Structure formats: C-alpha cells, structure tokens
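Generate the whole structure from the sequences, applying the supplied hints.
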Amino acid sequence: MVGVTNGNKSGKVLKVGVIGLGELAQVSHILVLNSLSTHFEITYICDISQQALDFCEKKVAGGSPKTTLNAEDLITSSDTDVVVICNVNAFHPSQAILALQHNKYVFVEKPLALNYRDLDAIIAAEQTSEAKVFVGYQRRYAESFLDAVKEVGGMKKIDYIRVRDIIGQNSSFVDQSGTFPKKYTDYPKQDTAEMKSTEEEMVKTALIDEFGVEATPESMTMFRLFTGLGVHDFSALREMVGMPSRVVGASLGLPIWNVLFQYEGFPVMYESGIIDVPRFDAHLEIYSRENIVRVDYDTPYVKGLPVTMTIREKIETAKGDGYQERMIRKTYEDPFTLEFLDFYVCATKKTSPKTSAVDARKDLDLIKMIMQNAY
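Per the UniProt record's numbering, the sequence shown starts with residue 1, numbered consecutively.
In case anyone wonders, no lab produced these hints; they're calculated from the structure. Here the structure is a predicted model, which means the values were calculated and not measured. Backbone N, C-alpha and C define an ideal beta-carbon position, used for all residues, glycine too. Treat the hints with caution; some may be incorrect.
FRET-style restraints, in silico, Cβ to Cβ [what the hints assert, rightly or not]:
1. Pro267 to Asp175: 55 to 61 Å
2. Val88 to Glu218: 46 to 52 Å
3. Glu72 to Ile311: 48 to 54 Å
4. Gly62 to Lys150: 33 to 39 Å
5. Lys314 to Glu194: 57 to 63 Å
6. Thr185 to Gly253: 30 to 36 Å
7. Glu290 to Asp191: 54 to 60 Å
Next comes the structure, spelled out in structure tokens:
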C-alpha cells in the first residue's frame, strides 16, 4: 500500500461519479467519500432507480450532485475525474472499459469480471489508456494485514495456514449499522431481465468455455460465492504467500464449504460459509514452529470496527518455556477508508494499484483450480 495519511498535501479534490446506489454505496462508500472531503467530492451519481437517486442525493455532502439513470452520461461527463462502480456484477466490465477509454481512473468493487474474456478485455483497455483499474479488495489495505504480511515474511518456514470466512447474514449487520439504507424496485422489468441474462452468460462462459465445467445450479451457485465472498480470502492469501500449486480436495455445498490447497512445503485449509448466527468469523492464521500470526476481520458494514493482528509465540523464561500472546490494533481506520486513500494516491500520481486488473485475474485462476477439482 502506498503510504498515505488523512491530510491531503496535494490539495487536489477529485470529482467522483458513483455508479450503483444499492446497499454498499449507502452503507459505506458514500459515507466514506463524504468523510474524505479533502480528497474527494461526489459530483455525479447514477442508478437505474429514480427513487434511489432521490434518496442518495440527500446523503451526499457538500451540495447536490448531478443525477442520471444512464451510466454513460456519468462516465463521459467533465464533472467526473474518477469513477466508482459498485453496481451489479454484470455491468462492471463494460463500464470499467468505458471509463478507461475516457482516461479516468476507475474503482470497481469486486468481482471486477466473472470470466477471462472480460478480464482480458479490461486489461487490454488499460494498455491504451492513461488510467488504471483499482479493484475493491479492501481487506488487503488494512494496516494489520500489511503488518502480518511482514511478520509472515520473516518466518523461517510456514507449516500451515487456515483461512476462515464463516459469517452471518449481511442483513444482520446492515440493519444494525446505523446507516438506515433503503431498497427500491422502481426500475423497468426489462433492465432486470437484461442484468440476469448478461450475468448468467458471463458465469456460463467461465464455467463451460474456460473451465470445462458443467454449468449446473450447484456449480453456478458456488462460482458466484467464490467470486463474491471468496475472492476476499483468495486475494489476501495470494498477497501473503502467492498461489497454491494444486487443490488437494474440496467439499462444496451450502451453508459451509471448504477447500484444501497445497503449497510448496505446507497446506492451506480454506473454510467458508454463510449461516444465521450474526457473527463475523473471518481470519487468516499462519503457523510456524516458532510463532503463530493471525489477522482478524469484523464486518465492514459497521464503520470503525478494528482489524487486529495477534502474535502467539514461545518465550524463554527462568523456569523453561513460556508463552506470549500480543494483540496489535494500530488504528480504528476501516479498510474501506484506507483503500479509498490509496485509490486517491493512484489517481493523482498516475500509478498502478496493487489490486489491479492483472492481479484480479489470478483469483479467477484459483477459482478455476477449485471448480475443476470439485466438478
């Protein structure tokens, strides 16, 4: 992560256009961008729901933004310097490419795309653009995660890693977030039908044409879970230790699933699921003979909940082996805030983010390994 602080030494305030005014925009992104008023100003918002536009227009700080039902109007407007895309997955590729064609840095919520065809089209568009894509893998911008990467890098040998992401229903956290989001259905039925058919074609392209896997209801469900929830874990795991050499086995199904990866010299157990207990049990835990390093995440939908790093290790005492446990919380700044600060640096200095389109492609490689093993 590029070193940034909340103070904006450059003085430049970027004009932001936000596409997609659903749960994530209402609970997080609009509020975060409002808070970072020395860095960003929301000048344009877009959604296919007029009611969502009317509602979110009042949530934007610093004056009323322009509104539109058409994403192209926002992307091509001189009233936007950068674009934030947090709408449905089906439209991420085309809108990201359009932003790149207009040389605008674009923040795209994960997943950036659902297949290699669309990912490669985005990567190709970057080659002829002055701008870059920034993928919203916020967990990788948490300070505790970055500290853990350094700690793990200093281990003599990794012996085992556990990656867990077994969480409660999002609604349990959103309803208690104090942000009071609203859902609207005042959009044309043909738009919903187009979105569903486009997304299904994207998923089937990945499974059938690119993975060689049958597109059954079960395989499509797991693929969507991997590209939605799983990429948070896969992306962080990759930054920590790279790609696995193979998938040893997988037990896929609802509500909890797991995968065993083999790395050179150690295994990684990935376990994930969505249950009804309102608890956010998400962590990476890395074991060596000398110490154990763990990063714990809480729900991102409640602002200010800390990401922590815990180090457990043997210590020498006068009476023999002792035990030491340290829990480090460097900041209450949430990962969404930290990643938007990094996005600002990339957009103003014209640099490439670590969570790039090329980087996101590796998550699809990993998902392909799982799906081919299981199906």
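Hint by hint, here is what the structure shows:
no., hint, verdict
1, Pro267 to Asp175: 55 to 61 Å, "38 Å, violated"
2, Val88 to Glu218: 46 to 52 Å, "22 Å, violated"
3, Glu72 to Ile311: 48 to 54 Å, "50 Å, holds"
4, Gly62 to Lys150: 33 to 39 Å, "38 Å, holds"
5, Lys314 to Glu194: 57 to 63 Å, "59 Å, holds"
6, Thr185 to Gly253: 30 to 36 Å, "31 Å, holds"
7, Glu290 to Asp191: 54 to 60 Å, "56 Å, holds"
In terms of the numbered hints stated before, the structure departs from hints 1 and 2, listed from lowest to highest.
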